[in-house]
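K.L.:
So you can see what is in the structure, the chains are spelled out below.
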Amino acid sequence: MINSSLTELSSALARKEISSAELTQLFLDRARRLNPAFNAFITLDPQASLAQARAADQRIAQGKAQPLTGIPVALKDILCTKGWLTTCGSRILSNFVAPYDAHVVEKLEGAGAVNLGKTNMDEFAMGSSSETSHYGPVANPWDRGAVPGGSSGGSAVAVAARLAPAALGTDTGGSIRQPAAMCGISGLKPTYGVVSRYGLIAFASSLDQCGPMAKSAADLALLLSTVAGFDPRDSTSLERPAEDYSHALAEPIAGLRIGLPKEFFGEGLSADVGVAVQAAITEYQRLGCRVVDVDLPRTRFSVPAYYVLAPAEASSNLARFDGVRYGYRAPQYADLRDMYMKTRAQGFGAEVKRRILVGTYVLSHGYYEAYYLQAQKIRRLIAQDFAEAFQRCDVIMGPTSPTTAFKLGTRTADPVQMYLSDIYTIPAPLAGIPGLSIPCGFGDGKRPVGLQIMGNYFQEARMLNAAHQYQRVTDWHLRIPPGLD
Amino acid sequence: MRWEVVIGLETHAQLSTAAKMFSGASTAFGAAPNTQACAVDLALPGVLPAANRGAVERAIRFGLAVGGTINGRSVFARKNYFYPDLPKGYQISQYELPIVRGGSISVRLGATQKSVRLTRAHLEEDAGKSLHEDFRGMSGIDLNRAGTPLLEIVSEPDMRSAEEAVAYAKTLHALVRWIGICDGNMQEGSFRCDANVSIRPEGSEQLGTRCEIKNLNSFRFLERAVEYEVQRQIEILSAGGTVVQQTRLYDPDRDETRSLRSKEDAQDYRYFPDPDLPPLEVTQAWVEQVRKGLPELPEAKRERFQRELGLSLYDASVLTASREMATYFEDTVCALPGQAKLCANWVMGELSGRLNKEGLDIAQSPLPASALAALLRRFADGTISGKVAKDVFEVLWKGGGDVDQIIEARGLKQISDVDQIEKIVEAIISANPAQVAEFRAGKQKAFNFLVGQAMKASRGKANPEQLNEILRRRLSG
Numbered sequence: 001m002i003n004s005s006l007t008e009l010s011s012a013l014a015r016k017e018i019s020s021a022e023l024t025q026l027f028l029d030r031a032r033r034l035n036p037a038f039n040a041f042i043t044l045d046p047q048a049s050l051a052q053a054r055a056a057d058q059r060i061a062q063g064k065a066q067p068l069t070g071i072p073v074a075l076k077d078i079l080c081t082k083g084w085l086t087t088c089g090s091r092i093l094s095n096f097v098a099p100y101d102a103h104v105v106e107k108l109e110g111a112g113a114v115n116l117g118k119t120n121m122d123e124f125a126m127g128s129s130s131e132t133s134h135y136g137p138v139a140n141p142w143d144r145g146a147v148p149g150g151s152s153g154g155s156a157v158a159v160a161a162r163l164a165p166a167a168l169g170t171d172t173g174g175s176i177r178q179p180a181a182m183c184g185i186s187g188l189k190p191t192y193g194v195v196s197r198y199g200l201i202a203f204a205s206s207l208d209q210c211g212p213m214a215k216s217a218a219d220l221a222l223l224l225s226t227v228a229g230f231d232p233r234d235s236t237s238l239e240r241p242a243e244d245y246s247h248a249l250a251e252p253i254a255g256l257r258i259g260l261p262k263e264f265f266g267e268g269l270s271a272d273v274g275v276a277v278q279a280a281i282t283e284y285q286r287l288g289c290r291v292v293d294v295d296l297p298r299t300r301f302s303v304p305a306y307y308v309l310a311p312a313e314a315s316s317n318l319a320r321f322d323g324v325r326y327g328y329r330a331p332q333y334a335d336l337r338d339m340y341m342k343t344r345a346q347g348f349g350a351e352v353k354r355r356i357l358v359g360t361y362v363l364s365h366g367y368y369e370a371y372y373l374q375a376q377k378i379r380r381l382i383a384q385d386f387a388e389a390f391q392r393c394d395v396i397m398g399p400t401s402p403t404t405a406f407k408l409g410t411r412t413a414d415p416v417q418m419y420l421s422d423i424y425t426i427p428a429p430l431a432g433i434p435g436l437s438i439p440c441g442f443g444d445g446k447r448p449v450g451l452q453i454m455g456n457y458f459q460e461a462r463m464l465n466a467a468h469q470y471q472r473v474t475d476w477h478l479r480i481p482p483g484l485d
Numbered sequence: 001m002r003w004e005v006v007i008g009l010e011t012h013a014q015l016s017t018a019a020k021m022f023s024g025a026s027t028a029f030g031a032a033p034n035t036q037a038c039a040v041d042l043a044l045p046g047v048l049p050a051a052n053r054g055a056v057e058r059a060i061r062f063g064l065a066v067g068g069t070i071n072g073r074s075v076f077a078r079k080n081y082f083y084p085d086l087p088k089g090y091q092i093s094q095y096e097l098p099i100v101r102g103g104s105i106s107v108r109l110g111a112t113q114k115s116v117r118l119t120r121a122h123l124e125e126d127a128g129k130s131l132h133e134d135f136r137g138m139s140g141i142d143l144n145r146a147g148t149p150l151l152e153i154v155s156e157p158d159m160r161s162a163e164e165a166v167a168y169a170k171t172l173h174a175l176v177r178w179i180g181i182c183d184g185n186m187q188e189g190s191f192r193c194d195a196n197v198s199i200r201p202e203g204s205e206q207l208g209t210r211c212e213i214k215n216l217n218s219f220r221f222l223e224r225a226v227e228y229e230v231q232r233q234i235e236i237l238s239a240g241g242t243v244v245q246q247t248r249l250y251d252p253d254r255d256e257t258r259s260l261r262s263k264e265d266a267q268d269y270r271y272f273p274d275p276d277l278p279p280l281e282v283t284q285a286w287v288e289q290v291r292k293g294l295p296e297l298p299e300a301k302r303e304r305f306q307r308e309l310g311l312s313l314y315d316a317s318v319l320t321a322s323r324e325m326a327t328y329f330e331d332t333v334c335a336l337p338g339q340a341k342l343c344a345n346w347v348m349g350e351l352s353g354r355l356n357k358e359g360l361d362i363a364q365s366p367l368p369a370s371a372l373a374a375l376l377r378r379f380a381d382g383t384i385s386g387k388v389a390k391d392v393f394e395v396l397w398k399g400g401g402d403v404d405q406i407i408e409a410r411g412l413k414q415i416s417d418v419d420q421i422e423k424i425v426e427a428i429i430s431a432n433p434a435q436v437a438e439f440r441a442g443k444q445k446a447f448n449f450l451v452g453q454a455m456k457a458s459r460g461k462a463n464p465e466q467l468n469e470i471l472r473r474r475l476s477g
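Going down the list, the protein sequences come from chains V and B.
Residue numbering for the first sequence follows my numbering, beginning at 1 and increasing consecutively.
Residue numbering for the second sequence follows my numbering, beginning at 1 and increasing consecutively.
So here's chain V without its partners, still in its complex pose:
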């Protein structure tokens, strides 16, 4: 059961082979037993989850089930969930019980899915290793001394360790795809605007996007079809007809043009990752795909541009955490200014503070033009690079991350090293295009390697089709970390 696809679980529920309450209990038991080892969940609330499961069982009994009805899904703790502690991995929200549901949570609930729990993450999604959480680091199930990637490390580990059938994560510079790669699961960051950000606690508003994390591309398609859709409360949400992202999964991919950007295969790419990715490309060629070389010359400016824009937006987005209306407030202070300073000094961790400082700096009078506006220009140029590349290919493939999961604590002292682990995932959100990662083998130390597939705007169905066809002929996505089956 723990290795079943969402479609298989759905059938089992429909055939009454198992009830949602039993299925939920099964995963809750696993989560409770294994969470001390992985720290994947910040909050588990079995009573709340089981109440939802029983409601789902009634719905199934009434014949009103949808594909996700009764299926437990873990939620990154950045998504507001009514009545649930919603911490964003931060001390400053360590007492915040959300009074409303994020749009994606409403969507899941509407489909009858069960909230299995809230997953651990880098504080405010700022990190690539899930080590900056106020609730402690998350361990990688493939190598418990290694990080799971980040920031959606808790969601990735919940799926990889089979503590949850699927999860939602969020991606700003790679926070879905990079942990998916490092944990050997599948994860998709949709086109910007496809999924509403309402209720997603903002890190960098122009980049943040919520997306599914699961064992397979087919599961991603099912989840994305449920959470995507226009929401008038999010002015950046796009008004488009609803799409069934599963419809094209089975189509043959012979003739598909795969663009390989040489910028993704150069210096900095570790050899073991390169080998696994090359093998995956060869597999695609065997499936009849054509490989074309493409250039993304300006993507080499992605990391610096991202580390201007994302902190700039974050410095403003996080101003609301001031101790006035909700969240943590310093217990003792002399006056208003002191209350602000102590609250934020105590409430935020080091990485969040670093980014607030950087962001404040680049927006300051006299620096705005040199940093912020310059970075916006680079952003447009990167989007241009992709637009040109997609005239010559249907999808772009490459490694998701330059290395496999690194050891806990090895990069925390060197922010730039840490930031470079997102070098291949940052270009897609800068351009607003979708990207996904699927497992494509193992590198040194038997740690998973991810293959990244990027597509043009709204090409999710085609990307999922390509990923699914690969997963039909490979079994990397079915591998379970040692000792967890």
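Treat the hints with caution; some may be incorrect.
[What the hints assert, rightly or not] Simulated coverage check for chain B against chain V, where a stretch passes if three residues somewhere in it have a Cβ under 8 Å from a Cβ of chain V:
{"hint": "1", "region": "42–54"}
{"hint": "2", "region": "76–86"}
[Said to hold, decoys possible] Just so you have them, the derived chain B footprint on chain V, three or more residues with Cβ under 8 Å:
{"hint": "3", "region": "80–88"}
{"hint": "4", "region": "93–103"}
{"hint": "5", "region": "197–205"}
{"hint": "6", "region": "228–234"}
{"hint": "7", "region": "265–277"}
I should point out that these hints are in silico values taken from the structure, not numbers from a laboratory.
Fair warning: this is a prediction, and the values are worked out from it, not measured in the lab.
Note that CB positions come from ideal geometry on N, CA and C, so glycine has one too.
Following the hints, position chain B against chain V.
P.N.:
Just chain B now, kept in the frame of chain V:
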């Protein structure tokens, strides 16, 4: 040295939408604290703004009314600063690209008109309110006002006196109410001004250092604050000092302005385009649709009153001071064509005087325009005298009713019957031989006395012209 005063105003007009600028919460005034603040207004984690179309439309209406340019693409920006009544830690405003650029307001100063140029008008949200009393050493925050839509209207430094500044503010106030974008309620803060004041030697082209006086919420305060500030700056410069660029507050109790902060303490607001809100697109079709819905504007109406109805600039200006006044006047004239001057005199005189006395707005007049027109019709056609008309006005004001019935029932019809007037005149002449003699001896005063006696005898109903003529004939005969 003679000094020239230079004033520019920034005016915040609260837009009259039911919901807030970026949330669905109500904008109604006076609710219990924090009962009209939704998740978006409270800046809960994860919430997002969505612009209110009604507010945008009102901004377009304003831009068209002042002859400004409506930008097809304007940008919401974040103005970042920390304050407890600013829940997000930033205010959403428009910075580099406002929705309206340019335009002007024509202001009447006595018998002349002056055009004040506008720099821009932009959309923004209001902050909440900090309450520093009644909390025993703590402050209270009321976020009901947070997110209320505002149009900030920025003028060029075109005003040269406190009087001009007030005239501009009053004209602008009338305009925003006229076009229905703001209720203009100054006590509730729906219309408030910041004044930028500087002085320079007369004849100088260069602007002096300015001080900004914040949050003036009455025309009187605006006038006093500017006058005080001008005097203060003259004293400094006359004594050889220099004016320091400052933000100042006007204290009405002490009738003075005092420094709030100087330019050196000015915060860096770190403006940048709000990534939660795509650029605001206003299509030409939308602009045209709004244009079609615009009422005739005060200036156009005033010109038309002068041109078509032959009113003086003064009369036409007074009658177009508010849309309600103009509507009342037009309704009256419409029912009594050809008597514009008569209607103007009564609306501006008897009616306005009575409304003022009772503290009523013209929209609340117990006497509808149709009733005033019916009354004036009987005056114009000679049925009643002017004096009687005022009496009937009083009756109508207090209890209403039909003009003709009142005249009939109270026997107020003017006497225009020659025989009847002859009889009255005869009786007066024989009853007042002394005055008759005086008149014949050349004393004009005696004639006036006799007219008065005759009018009294007719209980005010005698046609005054006929009475005059008959009396004069009989006395000279």
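K.L.:
Can you name, in rising order, the numbers of the hints this structure does not satisfy?
P.N.:
Per hint list: single violation, 7.
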